[in-house]
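**Student:** Make the complex out of the two chains shown on their own, each in a separate frame, by following the hints.
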Amino acid sequence: GEDVEQSLFLSVREGDSSVINCTYTDSSSTYLYWYKQEPGAGLQLLTYIFSNMDMKQDQRLTVLLNKKDKHLSLRIADTQTGDSAIYFCAEMRGNAGKSTFGDGTTLTVKP
Amino acid sequence: DTAVSQTPKYLVTQMGNDKSIKCEQNLGHDTMYWYKQDSKKFLKIMFSYNNKELIINETVPNRFSPKSPDKAHLNLHINSLELGDSAVYFCASSQVGVIATNTGELFFGEGSRLTVL
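Chains A and B are the protein sequences, given in the same order.
The first sequence lines up with residues 1 to 111 when you count with my numbering.
The second sequence lines up with residues 1 to 117 when you count with my numbering.
The following block holds chain B by itself, in its conformation from the complex (with noise of 0.2 Å):
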């Protein structure tokens, strides 16, 4: 039973191209996030929500959208996609707050390749 999944696990577009990566926590955890992983394997930051709401918003293009439906999902739409996009995007998870025992950890998903041609 996987804790994090996302989907599709690829993606092969044309540049201008709208898509979208879903992703699906079953851990009860309050945040999420994305990541995105570029050709030489450096990890960054992009979005995280905490019980739906926005709290990290990184400097991002405009054309990405998250959406949180609700605290086990957190989905990224992307518009008018560019060659630069293209990268492993990871969806993770954690429980934060002032909880002695939360130790902040980050559970990652499989990730999602995204090729734009």
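Excised from the complex, chain A in its bound form (with noise of 0.2 Å):
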């Protein structure tokens, strides 16, 4: 996506941690999100952070957003061959409902 970047590939090993980052450009976004999309499937939620926060965690799952910078990773941690899929960080601006989707980052997993 043209406002929302991210790198395309990601390749770690079974236990390791996974940072998966993302840059965006419009400083009025309001939501910020990470998708996961499976082989043959739809796009789900992983989490979400609000613009005025700094940090959240759920679980093995750790957003982190610098607002100055429009930078958003996603840290997945003891990554395990389950979580290979394609992560799509993607930006809401406002309450119009239009999300902007970076191009996904494809993350493999190697045991």
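Some clues are possibly wrong.
Unchecked claim - Some residues of chain B that are not near chain A, with every Cβ distance over 12 Å (derived):
#	residue
1	14
2	56
3	61
4	64
5	68
6	72
7	80
8	82
9	84
10	85
11	86
Said to hold, decoys possible - Just the calculated beta-carbon pair ranges, DEER-fashion:
#	chain 1	residue 1	chain 2	residue 2	range
12	A	53	B	16	26 to 34 Å
13	A	75	B	27	37 to 45 Å
14	A	17	B	15	46 to 54 Å
Worth flagging that the hints you see were computed from the coordinates, not collected in a lab.
Note that the coordinates shown come from a computational prediction; the quantities given were computed from them, not determined experimentally.
Every residue gets a Cβ at the ideal spot worked out from N, C-alpha and C, and that includes glycine.
**Tutor:** This is how it looks when you write it as structure tokens:
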């Protein structure tokens, strides 16, 4: 996506931590999201963060938001083979309902 | 009980044909969307309807026409199909607005894979 950028590929070993990074351009974004897409399936929301937060933790997932640098990251602790998927960063502006997606990061977890 | 369901899941057709993809959501959401995912997995919004009214219409050829008979349904009709229309089309829904509990989360269907020969 032209307003949301993320690297396309990441490969890690099982048990390691994965960090997927995303940058966005619109400072008026209200919500930022991480969606997960498994092969042959639709996207599912993994986690989200409101723009006035710096960090959100949910079990193995940690989301960090640096609003000054417009940088969002997703850390997956103790990455498992089942975490192999495409991870999309997305941002929503205001209440218009339009979410802009990054191009997705394909995470490959090697045993 | 599927929240966002779209049919058909697979569609193979010849260039020049007209085809439709249907989508229904049972979540009571007020907004529905069509996204296109190309062969590189890039996801682009095409249309969005809020309570049957078109609110987002990205740069999409006129051959694509969405129709929303009611807020639970959003169908996509494509005329004169071209090779470049081959993609996976995702329907999604969300609840938007100023209510504090709305996070704008999108609920996606499983996708409809269109192959134009």
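**Student:** Hint by hint, say whether it matches the structure.
**Tutor:** Each hint tested on the structure:
1. 14: Check passes; 24 Å lies beyond 12 Å.
2. 56: Per Cβ check, residue 56 of chain B is inside 12 Å of chain A; nearest 6 Å; violated.
3. 61: Fine: 19 Å to the nearest Cβ keeps residue 61 of chain B off the interface.
4. 64: Correct as stated: the minimum Cβ-Cβ distance to chain A is 18 Å, above 12 Å.
5. 68: Label holds. Min Cβ-Cβ 14 Å, cutoff 12 Å.
6. 72: Holds, because the least Cβ-Cβ distance between residue 72 of chain B and chain A comes to about 16 Å, which exceeds 12 Å.
7. 80: holds, 27 Å
8. 82: holds, 23 Å
9. 84: holds, 18 Å
10. 85: Check passes; 19 Å lies beyond 12 Å.
11. 86: Consistent with the label, residue 86 of chain B stays out of reach of chain A, its closest Cβ about 16 Å off (over 12 Å).
12. A:53 x B:16: 26 to 34 Å: Cβ of residue 53 of chain A to Cβ of residue 16 of chain B: about 51 Å, so the range 26 to 34 Å is violated.
13. A:75 x B:27: 37 to 45 Å: Between residue 75 of chain A and residue 27 of chain B, where Cβ atoms are some 30 Å apart, the hint is violated.
14. A:17 x B:15: 46 to 54 Å: holds, 47 Å
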